[in-house]
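Mind docking these for me? Both chains are given alone in their own frames, and the hints should help you get the complex.
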Amino acid sequence: RKEVEQDPGPFNVPEGATVAFNCTYSNSASQSFFWYRQDCRKEPKLLMSVYSSGNEDGRFTAQLNRASQYISLLIRDSKLSDSATYLCVVNPRGGSYIPTFGRGTSLIVHP
Amino acid sequence: DAGVIQSPRHEVTEMGQEVTLRCKPISGHNSLFWYRQTMMRGLELLIYFNNNVPIDDSGMPEDRFSAKMPNASFSTLKIQPSEPRDSAVYFCASSLRQGLGNTEAFFGQGTRLTVV
Numbered sequence: 001r002k003e004v005e006q007d008p009g010p011f012n013v014p015e016g017a018t019v020a021f022n023c024t025y026s027n028s029a030s031q032s033f034f035w036y037r038q039d040c041r042k043e044p045k046l047l048m049s050v051y052s053s054g055n056e057d058g059r060f061t062a063q064l065n066r067a068s069q070y071i072s073l074l075i076r077d078s079k080l081s082d083s084a085t086y087l088c089v090v091n092p093r094g095g096s097y098i099p100t101f102g103r104g105t106s107l108i109v110h111p
Numbered sequence: 001d002a003g004v005i006q007s008p009r010h011e012v013t014e015m016g017q018e019v020t021l022r023c024k025p026i027s028g029h030n031s032l033f034w035y036r037q038t039m040m041r042g043l044e045l046l047i048y049f050n051n052n053v054p055i056d057d058s059g060m061p062e063d064r065f066s067a068k069m070p071n072a073s074f075s076t077l078k079i080q081p082s083e084p085r086d087s088a089v090y091f092c093a094s095s096l097r098q099g100l101g102n103t104e105a106f107f108g109q110g111t112r113l114t115v116v
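These protein sequence lines map, in sequence, to chains A and B.
For the first sequence, position 41 matches number 41 in the working numbering, and the numbering has no gaps at all.
For the second sequence, position 42 matches number 42 in the working numbering, and the numbering has no gaps at all.
So here's chain B without its partners, still in its complex pose (with noise of 0.2 Å):
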């Protein structure tokens, strides 16, 4: 398995430009989970999928953001405008949900944001 798969890597766009990070889970999970870590705050989530259902979005900081699961294989998170203080990296991660709780997460390498 090719693991998760994030794209852009990097991206560098202008204040007020709409950015779009993209990510593939790994085949058979069933959640799905968009991290945003700086220095400052460290890993915070933004939100999780489970069966491609956004459950929790209360990380998500303001209605600048925005995520999607259209199917068990893709997900986007959209940033509308941007701003400066978006500047970070973005993660994914995926596990498994069985029973009571999630197995071990898996990140993707990232896309690294600079908002100028």
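Okay, chain A solo, but in the shape it has when bound (with noise of 0.2 Å):
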């Protein structure tokens, strides 16, 4: 089982959908968790950290399920700027202390 699956996609959704990602990991001793978003040709950039009580900014919903090990996150009313690739990345609590990123999840918001 790899560390850190996403469905690669590609969601294909209206503008004003809602679209939901989950992102399975594999290691029980994972301490925080992001969500990144990369655009075409561009960096990974931080979208939102994933806490545990769950949290939201905007449009976008981010929750963490420990027991069942998976985070997810929600982009409600989607606009066509929302279009990139979603990566998730979960960080461990001691060891190699090394992020590890998902493949990311592909969405396209068309008119």
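If you're looking for bench data, these hints aren't it; they were derived computationally from the structure.
Just so you know, not all the hints are guaranteed correct.
Some chain B residues judged to face chain A by a derived CB distance under 7 Å, without partners named [to be verified]:
id, residue
1, Met40
2, Ala88
3, Phe91
4, Gln109
Here a beta-carbon is modelled for each residue, glycine too, at the ideal position from N, C-alpha and C.
Here it is in structure tokens:
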């Protein structure tokens, strides 16, 4: 099993739709979690951290389920500008200290 | 803060030539990562430094690749000799390691390397 797994997509949705991505991780000792956004030919950029209690930033909601070892990202009222690849990142507690990136989920929002 | 700065942004070189990629991490960050990204393999970690010391270089493909971090504000990734299969985007990222983990990583804009 890969350390961090994501559905590569693409998720093809119309403007205004709600879309959700999941990401599963295998290291139960993981400490912190993030969602990054990567536009074509650009660097990954932090979208939001994921907190145990769940957190929201405008149209974006991130949730963590430690028991089932997955994190999720929900995007409401999708915009054309949301089209990108979304990468989940899992940071271990101790050990290697190396963050593990998923392969990313591609989102295409069309008019 | 200017963020993570990488140079050059683009590099086209002939097979067999030496290539040096440069990175300036965010001031105050003590962890530095070099990644390679291709369509086929996604984002791969090449090497991780903490406090200028290489901690994990298991991702370095082979002896042709080497990385250094002579001080807290500068790192290089060298490929010698370069091969066409090294063509990729190389990212440098930095973060702060404190306590039991690293904070979120910030990426440079990357170096797009093409070896012909």
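Now for the hints, and whether the structure bears them out:
| no. | hint | result |
| --- | --- | --- |
| 1 | Met40 | violated (11 Å) |
| 2 | Ala88 | violated (13 Å) |
| 3 | Phe91 | holds (6 Å) |
| 4 | Gln109 | holds (5 Å) |
Hints 1 and 2 from the list above are not met by this structure, while the remaining hints are.
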